[in-house]
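Asks: As you go down the protein sequences, you meet chains A and B in turn.
Residues 1 to 213 in the UniProt record's numbering are what the first sequence lists, from first letter to last.
Residues 1 to 82 in the UniProt record's numbering are what the second sequence lists, from first letter to last.
No wet-lab data here; the hints were simulated from the structure.
Keep in mind that the hints are not guaranteed to be accurate.
[Unchecked claim] Computed cross-link-like contacts, DMTMM-like style, restricted to lysine to aspartate or glutamate with a CA-CA straight-line distance of at most 20 Å:
1) K70(B) - E139(A)
2) K66(B) - E90(A)
3) K91(A) - D59(B)
4) K70(B) - E102(A)
5) K91(A) - E139(A)
6) K91(A) - E41(A)
7) K3(A) - E14(B)
8) K46(B) - E139(A)
9) K59(A) - D36(B)
10) K59(A) - D109(A)
11) K106(A) - D68(B)
12) K91(A) - E8(B)
13) K66(B) - D109(A)
14) K106(A) - D133(A)
15) K3(A) - D95(A)
16) K3(A) - D109(A)
17) K145(A) - D95(A)
18) K27(B) - E139(A)
19) K22(B) - D36(B)
20) K51(B) - E75(B)
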Amino acid sequence: MVKFYSNTYSYDYNFPAVSLAYFLRYPNPYSRHVASTDTIERYFDPDTQRLTTVRLHVKQSRLPPAVLKVLPKSAVGSDENGRAQSFILEKSVVDVRQGWMETESKNLDWNNVLSVIERHTFRRPEEGLGTADHRTDVEVSVTLKSRIGEQLRKKRQRWGDQATASSVAGAGGEEEPVVKQGWFSSWSSGAVRAAVESISLQRTERSQPKAQL
Amino acid sequence: MSASLAPECNDVKERYDTCFLKWYSEKYLRNTATTDECEPLFRQYKTCLTKALKERGIDQMLEDAKADNKENDAEYMKPSAR
């Protein structure tokens, strides 16, 4: 199951300024959770004048208490305060000739709990010179996917259904064997996945407007 | 300037970042760039960083991500069989 968020807006700044601001995102007082940013690849293509960059960010934050309660202890690599560290890989391509920039950020670890892929496209407006010069159009899309319980499900399928299979109402009506001797007695892993994705989607919707540079 | 995950690379990283921001805003964005002038500095920074990533065991995670991408590319760029 996957949750999806998308939005479009525009900045009252020209494309060069916005693309430069993107590389200068951190550090900033609204993102103290970003502990470090490193450039691990950078390639400039002299023919197309495109600049490709790969960066690695390290974020330290606390897991939302709602998610912490729902997760099995084995999946959570945090201390008892719920503080956790995560690595984000950011890829970007800037095409100064055609006036666009595409970026994709995703987490490298915690993928068994939740994987978030955030994509931005920044573009110089098509309209003629004049008003269009001081604007940049932006499209954002965020894809959230949880894979909790998938490994367990695959293992069960391989060994045959030893657990009693019963359909669980929830999570899109999937049929799933109830996780026996589970970490959470009444929830199937499908319901947990859906819960993790919903909580993350709500947080995304709340934080995306604030994140607009 | 943002910090590096490896504090020992902070100095060379700052030099590279300064060079990059200057090149980016003065040459690249004005469409007058012919080469990546900061490449030598980047190589120095990258050497320090690669060593640090290896020591911290993060390089394996990056290799896995790269392998994942290659798989995805192969899958999505396959000519569709119709």
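Asks: Given the hinted pair K70(B) and E102(A), is their Cα-Cα distance within 20 Å?
Replies: holds (19 Å)
Asks: Tell me if the straight-line CA distance from K27(B) to E139(A) falls inside 20 Å.
Replies: violated (26 Å)
Asks: Decide if the proposed pair is consistent with the structure: K51(B) and E75(B), CA atoms, cutoff 20 Å inclusive.
Replies: Roughly 33 Å between the alpha carbons, so the hint for K51(B) and E75(B) is violated.
Asks: Taken at face value, is the distance from the CA of D95(A) to the CA of K3(A) at most 20 Å?
Replies: violated (30 Å)
Asks: Verify the proposed pairing of K106(A) with D133(A), using a straight-line Cα cut of 20 Å.
Replies: Violated, at roughly 31 Å.
Asks: Next pair to validate is K66(B) with E90(A); report whether the Cα-Cα distance is within 20 Å.
Replies: holds (12 Å)
Asks: What's the verdict on K59(A) and D109(A), does the C-alpha distance respect the 20 Å limit or exceed it?
Replies: holds (11 Å)
Asks: Take a quick look at whether K3(A) and E14(B) sit within 20 Å of each other, Cα to Cα.
Replies: Violated. K3(A) to E14(B) sits at ~38 Å, over the 20 Å cutoff.
Asks: K59(A) and D36(B): Cα distance at most 20 Å?
Replies: violated (29 Å)
Asks: Checking one constraint from the list: CA of K91(A) to CA of E41(A), max 20 Å. Satisfied?
Replies: Since the Cα atoms of K91(A) and E41(A) sit roughly 9 Å apart, the hinted pair holds (cutoff 20 Å).
Asks: Hint check: K22(B) vs D36(B), CA-CA at most 20 Å. Holds or violated?
Replies: Holds, because 12 Å separates the two Cα atoms, which is no more than 20 Å.
Asks: Hinted pair, alpha-carbon criterion (20 Å max): K3(A), D109(A). Please report holds or violated.
Replies: holds (19 Å)
Going through the hint list in order, the structure does not satisfy hints 1, 7, 8, 9, 12, 14, 15, 17, 18, 20.
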